[in-house]
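Listed below, chain by chain, are the residues.
Protein chains: 2
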Amino acid sequence: MRVLVIEDETKVGCFIKRALEEESYAVDLCEDGAKGLEMALATNYDLLVVDLMLPSMSGLDILKNVRRERIQTPILILSAQSQIDQRVKGLDAGADDYLTKPFAIDELLARVRALLRRGATESPGILQVDDLILNPATREVARGGQRIELTLKEYALLEYLMRHTGRVLTRPMISEHVWNQDFDTFTNVIDVYVNYLRNKIDRGRTKKLIHTIRGSGYMLKAD
Amino acid sequence: MRVLVIEDETKVGCFIKRALEEESYAVDLCEDGAKGLEMALATNYDLLVVDLMLPSMSGLDILKNVRRERIQTPILILSAQSQIDQRVKGLDAGADDYLTKPFAIDELLARVRALLRRGATESPGILQVDDLILNPATREVARGGQRIELTLKEYALLEYLMRHTGRVLTRPMISEHVWNQDFDTFTNVIDVYVNYLRNKIDRGRTKKLIHTIRGSGYMLKAD
DNA sequence: GAGTGCCTATGCGTGTCCTCGTCATTGAAG
DNA sequence: CTTCAATGACGAGGACACGCATAGGCACTC
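In the order they appear, the protein sequences are chains Y and V.
Position one of the first sequence corresponds to residue 1 (my numbering), numbered consecutively onward.
Position one of the second sequence corresponds to residue 1001 (my numbering), numbered consecutively onward.
These are computed hints drawn from the structure, not numbers from a lab.
The reader is advised that the hints may include incorrect statements.
[As the list claims (entries may be wrong)] Computed cross-link-like contacts, EDC-like style, restricted to lysine to aspartate or glutamate with a CA-CA straight-line distance of at most 20 Å:
(1) 1101/V x 28/Y
(2) 1101/V x 184/Y
(3) 1011/V x 182/Y
(4) 221/Y x 1140/V
(5) 1035/V x 1009/V
(6) 1089/V x 69/Y
(7) 1101/V x 1008/V
(8) 1011/V x 1032/V
Work out the full structure, taking the sequences as your base and the hints as a guide.
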């Protein structure tokens, strides 16, 4: 799950970024409105978090531009108490939810989860492939009833694989949704993390779920 | 499916090339405008991906030149956010689609697929010859309901054969669409790969689909 | 300063791609 | 019909890239 945060107050922005990363999201942070819009259009984000008051371009304008390009990505607006009228405009212009500053970080996280859940294809809340179960709400993973501990990155990768079961996922596709813009194309990090996952999920089991499609990428599948 | 990518930023170019190759396209990469135009005119590509900002010759000029030669190859333009006016000019000059840099690789692949599909004869999405079925979306192949595993090259060759069922395909035609510019004319690689395909598709079946047209080339056909 | 998570780097095995050589088939000429 | 050359089929094997495994470095935390 890749998230873009457009927020000019450095401290607030970093705080949000950090919190989201701890929830295993891949996060990009942008402090400028115009540049933020560019990034939003450039990358296939799963969610946008946008402050209303921004330099060079307002959050409202970003919103309008994004929607004009027919991008359906859920958008969460951050507004100051004094901008209630703008907030209404924001919802009219296609925002999915708003949050008044200052806010509790837990609340932001809860709303982010809600928006991402809603965005998923009539999401069942819980992802399952064969006897492998992933619960996005609690970020708990288990196979055959046995709990599996994953690091943040491992979890993010597995969630992405499970949300696209049965489809071949190329490395560029994976890097785009599991890593942020700092990703270096010319390394084998993805392979390494797939290997980590294999050790925790497939190692020692007869039925392998993670498959390599040589020359293409990887696929999660029951058979 | 043979694709020419004209893009001067080495990193971006390599990234695109890799992604396309993992989707089984034969890809040539060119970092110079004038040379790119030359290549576009010299080879019968199935698709061109052209950056607007290029050394020695702009993407727009390449576009115009290609269209002036009455070449109908679909063209996908890559433009920076700041070149929106140029993009409009590009579409006017005969581009089929555009993408703003930096872009999501998923989106590029999706648009490439769309353009190539559009080019095909009102393609149904799934290719079928007798009981042989090929699904370009998942790159799955089956004959008589039985799944067949193919390597990237084998798949690329079969897809080309199936997209031109009933037509005699000469070796030059095949090499031009299935291999890239590194292809060595003086070998029998094509024969070898046709043989690989025969083993996986026709071997052991009464009804052969791959036919040799002596002195000309090969043909895929039900009878 | 031990522990953890993320990433880089490297050596190794294996599958893919391709080359080469030989054998089979075809079609034409005698 | 036989002979012969041209063409294609096909098996063997080698180079190389790809992906796997593992070790180690760096940053950050407690």
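Hint by hint, here is what the structure shows:
no., hint, verdict
1, 1101/V x 28/Y, "17 Å, holds"
2, 1101/V x 184/Y, "18 Å, holds"
3, 1011/V x 182/Y, "14 Å, holds"
4, 221/Y x 1140/V, "14 Å, holds"
5, 1035/V x 1009/V, "15 Å, holds"
6, 1089/V x 69/Y, "19 Å, holds"
7, 1101/V x 1008/V, "13 Å, holds"
8, 1011/V x 1032/V, "14 Å, holds"
The structure is consistent with each of the numbered hints, conforming to all of them.
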